[in-house]
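Protein chains: 2
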Amino acid sequence: MKQDQGTLIEEAVGTTEAKSVQGVEMKPEHAAQISAVIDAVNAKKIENVYFVACGGSMASLSFGEYFLSKEIETPSFVYTSNEFIHRAPKSLGENSLVILRSHSGTTPETVEAASFAKAKGAVTVAISMEAESPLAQAAEHLVHYNYKDGSDAIDGEAGIFYTLIFELLNALSPNEKYKRVVNQLPNLGNLIEKNQQQFAEAANEFGKKNKREKIIYTMASGAYIHHAYSFTSCLLMEMLWIHSNAIHSGEFFHGPFEITDYDVPFLVVKGEGSSRPLDQRAIDFVEKFSDKVEVVDIATLNYDGIDEDLKEYFGPAITGFVLRLYADGLAEHTGHPLSVRRYMWKMDY
Amino acid sequence: MKQDQGTLIEEAVGTTEAKSVQGVEMKPEHAAQISAVIDAVNAKKIENVYFVACGGSMASLSFGEYFLSKEIETPSFVYTSNEFIHRAPKSLGENSLVILRSHSGTTPETVEAASFAKAKGAVTVAISMEAESPLAQAAEHLVHYNYKDGSDAIDGEAGIFYTLIFELLNALSPNEKYKRVVNQLPNLGNLIEKNQQQFAEAANEFGKKNKREKIIYTMASGAYIHHAYSFTSCLLMEMLWIHSNAIHSGEFFHGPFEITDYDVPFLVVKGEGSSRPLDQRAIDFVEKFSDKVEVVDIATLNYDGIDEDLKEYFGPAITGFVLRLYADGLAEHTGHPLSVRRYMWKMDY
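In order, the protein sequences belong to chains A and B. Reminder that position 101 of the first sequence reads as 101 in UniProt numbering, one-by-one numbering, no gaps. Reminder that position 64 of the second sequence reads as 64 in UniProt numbering, one-by-one numbering, no gaps.
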């Protein structure tokens, strides 16, 4: 585990592998931050990994837990920040790696969770857009990302996070696959752009068809349940004031499916990867009994430049940018901008 | 860990400790089944515990993960059965304990999950009401419970499960507290009855006030989020066809709270235990902005015969029986019996 003291980004610099993506390279300061985390991981015997954040940031971190649980034996857990502090998991300690995330770096619960984990002796890593934020101060390590999509996506939230996760996987259990993921991640900007173009019309049409709906369920499984959670909590409920619930496709038949009716809308993310059959079963059911089913099929995504066996790692990194368009479609046709709030930014709570 | 080869139930038989609950003792065949599981755990070095089931059964098992994560260092995880099979967690293996649950023992995904885990060499335990069910056949061990509440609750689903969990905690990390929990669990029947009496009127009133609601949100944290999940999935959505979403009190302020309005109903379980302040914060908010808030305060439960420091273990064991009354109240006043289904039992899906 300790034999590889460098990181994959460092290795790739100056090689033809890195050149395969034309001129797109992670900024050196970002690469250095990730390397520092990997050095800290290599310097310790990491026994477990905690992903700690709130809301959409927690959902984003959850992809880390998804891949770790599938790929390696080191146990990993996801907690919403306050639950983490109040439950105080017994196995949190000096051999824990705690990865926290807050876009602004100001989420009080997450800042407190960082201090709590640091006091327990854990390696703490803050992921944030704000390098000078309270979260960045509270954690030992900072992994900063730019708030921008597009050509520099490797320095944006997905590029930085996925690089960190696959560097971490490689540090904990070296595998050439993880190296290829890191080498192909600079394709992300191009892929996000192409896929947003590909889904733009369908997303707009979804907004038009559903503009009078008061409730829209989301459904997914595997890694994509976390996209459903974000879409439900942050886009539908928070930004659009539409009632929702993110239902796991495997759980659907054990309670929630009785709510299905001809006029109940579902947005289903049909995943690429091992749990795709679960989604298909749920889709077959809702398409039979509801007239309002929208399927976002991850297998139809454009994966240009990505090796066939790595697609399952890239799907979750791209999907959030595609789903955002479906919220934009609703915003456009309801005349309710995604920036409107009634409580947030307006009062203390 | 291995010094105590017996179980706490065995130790207590014939002592004054066991006599404190008048004449209520677990049936010998149930005690023997739990002892066999503990023997199997003691015979191996258990490195992780998986709780695997669907819907309400998964929610019930989740209390196991809650207490294990708080109390001991052995990592534990909850999976819905299909996700478990398709994700195939890397750390599942010969040193895993996999606890599965299905009321009827026929849930196909859970039966398949048992076979999957057994093939990986894990110790498999089926919890079921049906001793001859496919799940009981597929798993190595069976822990059977009676489908009855009331005076023999120690042999019912909560009594059997909590005895198993606290025997397991004691096997993995011996502690006199766990011994007292097992000794006081025979009080459960009495406590369920008293608490159902105490909450009957409030529950009926809740049904009356909310009988015309099309959507009711539930909210909780800590162990109680699993009660909220069951209430949302199995009682509101499945049995009453009322739209819902179980929101974690700590997540509420990170998206979902923007849905709050004067006419949006919330049922909040205000937990007893470490995450109670999270619930209080969410209650303060919804009570300010919604006219339709129902709080079920776990601290007001009757805990007769339970040591003060053990209340946090007993609250989750009692709460499900109390919340059931709130669904009964809705059933009574909507004229929609909890037994009605439109898809389940009527077709293949």
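Hints listed in this document are in silico derivations from the structure and should not be mistaken for laboratory results. Please note: incorrect hints may appear among the correct ones.
[Claimed, not checked] The calculated label-pair distances, taken between Cβ atoms and stated as ranges, are:
no., chain 1, residue 1, chain 2, residue 2, range
1, B, 209, A, 342, 34 to 42 Å
2, B, 174, A, 209, 53 to 61 Å
3, B, 338, A, 348, 51 to 59 Å
4, B, 299, A, 47, 57 to 65 Å
5, A, 118, B, 307, 51 to 59 Å
6, A, 118, B, 344, 42 to 50 Å
7, A, 261, B, 209, 29 to 37 Å
8, B, 28, A, 177, 33 to 41 Å
9, B, 349, A, 263, 18 to 26 Å
Just so you know, even glycine gets a beta-carbon here, dropped at the ideal spot from N, CA and C.
Here's how the hints hold up against the structure:
no.: 1; hint: B:209 - A:342: 34 to 42 Å; in the structure: 24 Å, violated
no.: 2; hint: B:174 - A:209: 53 to 61 Å; in the structure: 60 Å, holds
no.: 3; hint: B:338 - A:348: 51 to 59 Å; in the structure: 41 Å, violated
no.: 4; hint: B:299 - A:47: 57 to 65 Å; in the structure: 35 Å, violated
no.: 5; hint: A:118 - B:307: 51 to 59 Å; in the structure: 35 Å, violated
no.: 6; hint: A:118 - B:344: 42 to 50 Å; in the structure: 49 Å, holds
no.: 7; hint: A:261 - B:209: 29 to 37 Å; in the structure: 24 Å, violated
no.: 8; hint: B:28 - A:177: 33 to 41 Å; in the structure: 53 Å, violated
no.: 9; hint: B:349 - A:263: 18 to 26 Å; in the structure: 20 Å, holds
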